[in-house]
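Participant: So you can see what is in the structure, the chains are spelled out below.
Protein chains: 2
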Amino acid sequence: MAASVDGDRGGSAHLLDTAQAEVVVGIDRLFEQHLTVPADPRERLYQAMRHAAIAGGKRLRPLLVRAAGDLFHVDRSSSLQVGAAVEAMHVYSLIHDDLPCMDDDDIRRGKPTVHRAFDEATAVLAGDSLHALAFEWLCDPATHGDPFVRGELVLELARAAGPAGMAGGQMMDLAAETSHFDLPTVTRLQQLKTGALIAFSVEAGAILGRIPAEGRRPLRAYARDIGLAFQIADDIMDVEGDEALAGKALHKDDAAGKATFVTLMGIERAREQATMLVDQAIAHLAGFGEEAALLRAIAYYVVERDR
Amino acid sequence: MAASVDGDRGGSAHLLDTAQAEVVVGIDRLFEQHLTVPADPRERLYQAMRHAAIAGGKRLRPLLVRAAGDLFHVDRSSSLQVGAAVEAMHVYSLIHDDLPCMDDDDIRRGKPTVHRAFDEATAVLAGDSLHALAFEWLCDPATHGDPFVRGELVLELARAAGPAGMAGGQMMDLAAETSHFDLPTVTRLQQLKTGALIAFSVEAGAILGRIPAEGRRPLRAYARDIGLAFQIADDIMDVEGDEALAGKALHKDDAAGKATFVTLMGIERAREQATMLVDQAIAHLAGFGEEAALLRAIAYYVVERDR
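Top line first, the protein sequences correspond to chains B and H.
Just so we're aligned, residue 1 is where the first sequence starts under UniProt numbering, counting upward by one.
Just so we're aligned, residue 1 is where the second sequence starts under UniProt numbering, counting upward by one.
This is chain B alone, in the form it adopts within the complex:
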């Protein structure tokens, strides 16, 4: 994906690398603190949560919380705390999606999946535990002093996680193996499955900055576009990517006969569509100046993860 690359990418790439490195370290530190292994029969449960949560992934969602929070001068410790909650929610969904009764995956983030490294029951409970912890961390007074802000975060995260968000999207994804979905249905599926949590991550930064719902509209539009671009890039990676770099099994959609952006549009049109969405996402940030440079850099990054 190259169309949108321009002269100032060197600077924004540096900005992105620096912020991402800080977020990766910060999230691991919070997970270490929050997931101390108890000396009782729950030890295995905590080991399983740590296996899945610590030292893994690119922390895109916490990076988005920070980038959006920075626009409104949100305290970095607040945006990191919310980032840990949203990442816990994401990790829980990966653990459950990988289960034998779901996508039956053996490798995730370059390591054995939780049900392979431990067992299925432990994987179900590690996911359930991270799901509850996400809400606990979000509603902790340490996250934000204002209970209105914490309440709004919980309500939005619950919507993004539930049957009208992530869980509903995964249900549609399972149905995609037996039904032939058209492009609007696949778009809706992905808006629920991955888009809702990405949108929450961006919006959370604005909620922390006490921006009312109307004022968050450009950020929601940005999030919708990068969420879809992200998923198209994922579908392209499933066809063209390198399993070692991706850290997970690829070429699964095709084997399952599942409709994806690539099977529905063809790989060239899918690539163009992703690039168009990135440009459009960046256009939604026109009202912001230099302070949105990180959000712009992330928009390019979501379609170039496989590089």
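There are no misleading hints in this set.
Rough simulated footprint, nothing fancy, chain H against chain B, three-plus residues with beta-carbon under 8 Å: (1) 107 to 121; (2) 128 to 135; (3) 149 to 162.
Which residues of chain H face chain B? A few of them, derived with a C-beta cut under 7 Å, are: (4) P41; (5) R42; (6) L125; (7) D128; (8) S129; (9) H131; (10) C139; (11) F148; (12) L155; (13) A161; (14) P163; (15) G168; (16) Q170; (17) M171; (18) L174.
None of these hints come from the bench; they were simulated from the model.
Model, not experiment: these values are computed from the prediction.
C-beta atoms are modelled at their ideal positions from N, C-alpha and C, and glycine is treated no differently.
Given chain B, put chain H in place with the hints provided.
Facilitator: This is chain H only, laid out in the frame that chain B set:
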């Protein structure tokens, strides 16, 4: 269980029946409203949630929210809304606990379990969806006007559901099949697995009534005692009960060689212990008058569910 039965039980039994009938109807009505089946590929997910959630169980937890809320003149629609959230959390835990990789149960509340009536993937996602919905309903402004109150409810429910509550207790319960647990460990297991959510239910009534943490102490003590009495009665029912009345498979602990209150104490001492806990729970309510009659009636009820 008969020791605590006394002359005024007729009146309190009537009080209990009336309140329980109202709560059962109210919870079903809220579930019907909240779980409208969408005309899209998520239909099966909603059908599975409805199968598990509607027209099932004795709604003990919502009844406790209402009984505790009544002490402080809490609006009944608020306590019912919180009751629906806590019941959704309870139903999610039943769905996941029944999975083949966990307790592998075929019957629950007299109906096929969700993974039997639907399939395993749908059961995992129906549980995950109800888990998220519990937080969504709790944090809805319709639950309570004050964001402090909603925030405190979310924080306490998240703790009761996570690795230091229900999910942690279920993990210990799985370990109980291979380790030999002593009485303090089995007590701790049950305090997490069932006690935490029962304690939340009682405490939620007081939180809705804006009672500060110190003032909730007698209610927490009451909840701790009835939670344990409830579990001891459950262990007795597993040995002596009628599967048709219980609506689930029994005699499973013994088959699994699991330590329970009955195997550790013997059935007679377990029965005495449950009666003692009920009396003790009622003693914690000494500071309340006639307004606590329903909580007292529930204390008797938790050990007599199999009658």
